[in-house]
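Chains as they are written, first to last, in this note's numbering: chain A, 1176 to 1413; chain B, 541 to 753; chain C, 541 to 753; chain D, 44 to 278; chain E, 44 to 278.
In short, the hints are calculated from the structure, not lab data.
Note that beta-carbon positions come from the ideal geometry of N, C-alpha and C, so glycine has one too.
Any given hint might turn out to be false.
[To be verified] Distance windows between CB atoms, simulated:
1) D:248 x E:128: 53 to 59 Å
2) D:249 x A:1321: 48 to 54 Å
3) E:125 x D:118: 27 to 33 Å
4) C:658 x E:89: 40 to 46 Å
5) A:1178 x E:249: 27 to 33 Å
6) C:621 x B:712: 47 to 53 Å
7) D:242 x A:1178: 41 to 47 Å
8) B:595 x C:673: 37 to 43 Å
9) C:621 x B:554: 30 to 36 Å
10) A:1280 x D:248: 23 to 29 Å
11) E:89 x A:1359: 24 to 30 Å
12) C:618 x E:128: 39 to 45 Å
[Claimed, not checked] Over 10 Å on every C-beta distance to chain D, these chain B residues come out as not near it, computed from the model:
13) 557
14) 593
15) 713
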Amino acid sequence: QARPPVVLAAASMQESLNKAADAWVARGHPRPVLSFAASSALARQIVNGAPADLFVSADEEWMDYVAHAPGRPGGWIKPGTRANFLTNGLALIAPAGSPVRLSIRRGFPLAQALGPNGRLATGQVGAVPAGKYAKEALTNLGVWPSVAGRIAGAESVRAALALVARGETPLGIVYATDAAVEPKVRVVGLFPPQSHGPIVYPIVGIAGSTNPEGEGFRRFLLSREGHKIFLAYGFGPR
Amino acid sequence: MSSEAAPVFDIDVTVPRGEGILHLSFASHAAITALVGRSGAGKTSVLDMVAGLLRPQAGRIAVAGRVLFDSVAGIDLPPERRGCGYVFQDLRLFPHMTVERNLLYGARRAGSEPSLLSLLDVCALLGIEPLLARPVRRLSGGEAQRVAIGRALLSGARFLLFDEPLSSLDPARRGEIMGLIERIRDELGLPILYVSHDAAEVERLAGNVVPIG
Amino acid sequence: MSSEAAPVFDIDVTVPRGEGILHLSFASHAAITALVGRSGAGKTSVLDMVAGLLRPQAGRIAVAGRVLFDSVAGIDLPPERRGCGYVFQDLRLFPHMTVERNLLYGARRAGSEPSLLSLLDVCALLGIEPLLARPVRRLSGGEAQRVAIGRALLSGARFLLFDEPLSSLDPARRGEIMGLIERIRDELGLPILYVSHDAAEVERLAGNVVPIG
Amino acid sequence: MASARAERMLTPEEWDIVVLSLKVSAVAIGGVAPVAFGCAWLLARGRFVGRVLLDALVHLPLVLPPVVTGWLLLLAFGAQGLVGRWLAEFGVSVMFRWTGAALASAVMAFPLMVRAMRLSIEAVDRRLESAARTLGAGRLRVFATITLPLAMPGVLAGMVLGFARSLGEFGATITFVSNIPGETETLPLAIYSALQIPGSETAVTRLALVSVALSLIALLVSEVLARKVGRTGVI
Amino acid sequence: MASARAERMLTPEEWDIVVLSLKVSAVAIGGVAPVAFGCAWLLARGRFVGRVLLDALVHLPLVLPPVVTGWLLLLAFGAQGLVGRWLAEFGVSVMFRWTGAALASAVMAFPLMVRAMRLSIEAVDRRLESAARTLGAGRLRVFATITLPLAMPGVLAGMVLGFARSLGEFGATITFVSNIPGETETLPLAIYSALQIPGSETAVTRLALVSVALSLIALLVSEVLARKVGRTGVI
Ligand SMILES: Nc1ncnc2c1ncn2[C@@H]1O[C@H](COP(=O)(O)OP(=O)(O)OP(=O)(O)O)[C@@H](O)[C@H]1O
Ligand SMILES: Nc1ncnc2c1ncn2[C@@H]1O[C@H](COP(=O)(O)OP(=O)(O)OP(=O)(O)O)[C@@H](O)[C@H]1O
Ligand code: MOO
Ligand SMILES: [Mg+2]
Ligand SMILES: [Mg+2]
């Protein structure tokens, strides 16, 4: 039997990518080895020569980092394998029982909705991709200055989700996909796609990978059937 | 029971020790009572029981009419309330203190002591003034022994327990310190339980000799 | 220099000690040489220098013609190669071992010893057979001292250093062990440097008395 | 002078982070040290049932991944947590506050402190304690003048270990109180944030060096204290 | 029997994770203990310049956030790293291997082990060592028969601390060798992964309890060993 490929993927893709791997196995392939961690950690592992076959990043920045990193003649990415694989949306969420109502538009009263002491949970601004998008969207909607001092920057977008689910913060900003898997939160509203740059998940083959299974799995993920699996988890079309 | 009629040491103890059982019972009216016996007989164990560091299986310990331990009456004073000045066979100086702080450790208890036992007098009599600022780790064997004696004397004790206190000292020092002990006996009237292997010491100091083992 | 003509102990040492400087120089032809002097005179320091545990500022140490230290010649044998059996004033039994393991610690060196010093003989002579399996923490003062003597005797030493080895023992034991020491002197011919405050001991054992301080 | 140079080397934001980190670590270590000593004492001297269980409990924050510890703190001290609700009655909340960061640091440092202190307490010669008692010292005075000073090497080692751990503590803090600049963003959180940004290796290195410098200072201070203790028996 | 019950309680994957974690921790602690002891010895007994610097270096993995330590390991042992290139000449690579996870665990446990061991070495009465030397024991024998056994409480405490730390080590491992199921996915990594999935609290709790159980066993073993050492002076 063929050797399983090693896939490095952003932590937020855990459920969906595992499901896709199951589907791949159902087609008679060895189950890919999936390693989930922060995109930053995975990118650094790749440019230090870690033996992997595919990389799925949660944002373009870290993919660009891999693309431009020195140390290997010809670069760390297998030419012609980079593709934007998925897109995602940004959601404002509240605990499931929260009565809060807000419509997300220019200057919407987010700070008031947080109350006197409430905080807005999201990924660490400037570090976790979701936090970066949240700041961008709030800035474009003109409400960033009023909440900048009120952010609770979680270690990952899933940690932000947990803060809202437990009612530690009245509101939070996470990906639409995260909101969909947590019954203890309610989506207050989705941010208009124009309010932030496109949230894309690039996928690449890693240079030096010789496992044909890797390329096969990559093609499967990008295929219609593969893609369908991710749509079920709330990811948007390419 | 009035303290005048009571023996100075009234001791009756039983304790398992080593492979056997140690039993000792005596009442002594002498201010200085010597405990003698071969090595391993149980002399140190008796002092430990009087000091409250080893609990007898059963028995009674009274010093100058004051009951320190009584298994029947359920009396067992903690060591700090027995008021003894104990010169340990293994000295037990506090290694993290200077000689002076060792000497003064028990002095808190000795509020209104007669001037015989002031720090300077004791140091002079024991010949340890030049050592006051030394850490105790850097003492010779006999110097450490003299500091241990000084510490017990300065602690304002109601009675003294001496476990071979002069074993590491030269004859001249020995004589001097025996003189000091006699003065303590005569001028302060402190009861002393004295362990020694030295016949001359016992002869000179003790009013009563209790053999053990 | 032939070992016949050489003195048994040929010692000339200088070392800063306490507040002053300790200097001692003597050559002794007696198998047992006693070091006597008041407490703090420097007796233990001299033994430590002979054992290699304290380095003299300057001087020379030779035992039975064998040079252990010579500051001029640059000789300074490490303690383990000096071959001494040292009974420390503070005993220094190994607390994590039983009496038996303490006694046998140096026995490796004592490959071909005469049978006088077999484990069982030494234990019998010192009266410590019943203690062999005991952890050393649970010994009386005199018992510990006898174990320390046994450990030194069983170590196959070329010479012995005794620092008040009998200070915690009763007169009967003292006499027995002095007999043992005499046999070691006479039958094995081991040089012994002997520190004691006891005039009777020194009188009986030592062929030469070196005063110090 | 040194601080002037440090100020020149660090941006004002970074400088604030350093000050906050020191505050968090100092409060954490200072606050938890007595508890740790008490616990070490119990483990060293106590002969009660469930001693091994207490021991295991003490080691818990070491055994669990830090984020789990942070999560458990969140469960306990959060708005719905038992402790959190109790504290709320007094109008106190540690959520998203620097006090919460100090709490997380303290919890993570706890096992290290206890172990070091316990080792030293176990090494104290109890015969010295009984000697002190014959000299009229009650249990408390014996503790303060004999046991504690003799155990001081372990207390110092525990505090250094705890301080160092606190300077590096990341997972429990961010999970418990998130990363709030000026309130809970300590050095490791800032370093972690920086690490998430491509090309930020210099910023990471600079902050990491600051951490190392702080720990070096802590080590030097502890060495000096240890020497002083060795000489005089007191701090 | 116990293992049969454990197997019933855990899924086969979880069981593999437990076995892997034990392997990683055991190799890490076993491998690094002698190095830690040597280091502790140097710090306790050495009087060389740069002692405080060595001390600081030892504390480094404690002071830096674990992910930074993982990153530094990646830089050193990666394909372009100094050590990585040297190892590659022998055809050895620790990247994405369980050996790499063990290395990360060892590095993180190192400061804890050194401190505990050092405390105990410093507490050894050197007069006993000199007594042993007069009895003919060379430095090595003195070390093996006197110093090491007397320092054994610290060695054991260090190994328990290290083992516990290793069971909880997450940040350095995932940053250095990623989260590869069956190869580098130890208990904390599995727990972290599970924490990322909403509603997985039971899985997290079960795995966390397994961690706690393992550390409890380690504690019990160390207690038994400590008692044996206390009685006989040898393990
Ligand atoms: N470790 C040390 N450091 C410095 N000075 C010391 C040390 N040990 C002892 N001294 C001092 O050196 C001198 C000699 O001490 P030494 O132990 O050799 O005396 P000694 O003759 O054996 O006395 P004793 O009969 O009381 O045992 C004394 O003044 C003592 O205070
Ligand atoms: N900690 C201990 N645990 C158990 N047995 C002990 C302990 N200490 C001493 N023993 C034993 O108890 C008996 C009495 O010991 P003790 O120390 O009272 O004797 P001693 O008369 O003071 O002897 P010495 O003159 O040798 O000091 C001895 O047989 C000794 O072996
Ligand atoms: O890269 Mo992440 O872990 O999905 O924010
Ligand atoms: Mg005794
Ligand atoms: Mg001496």
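Of the hints given before, which are not true for this structure?
Violated: hints 1, 2, 3, 6, 7, 8, 9, 10, 11 and 14.
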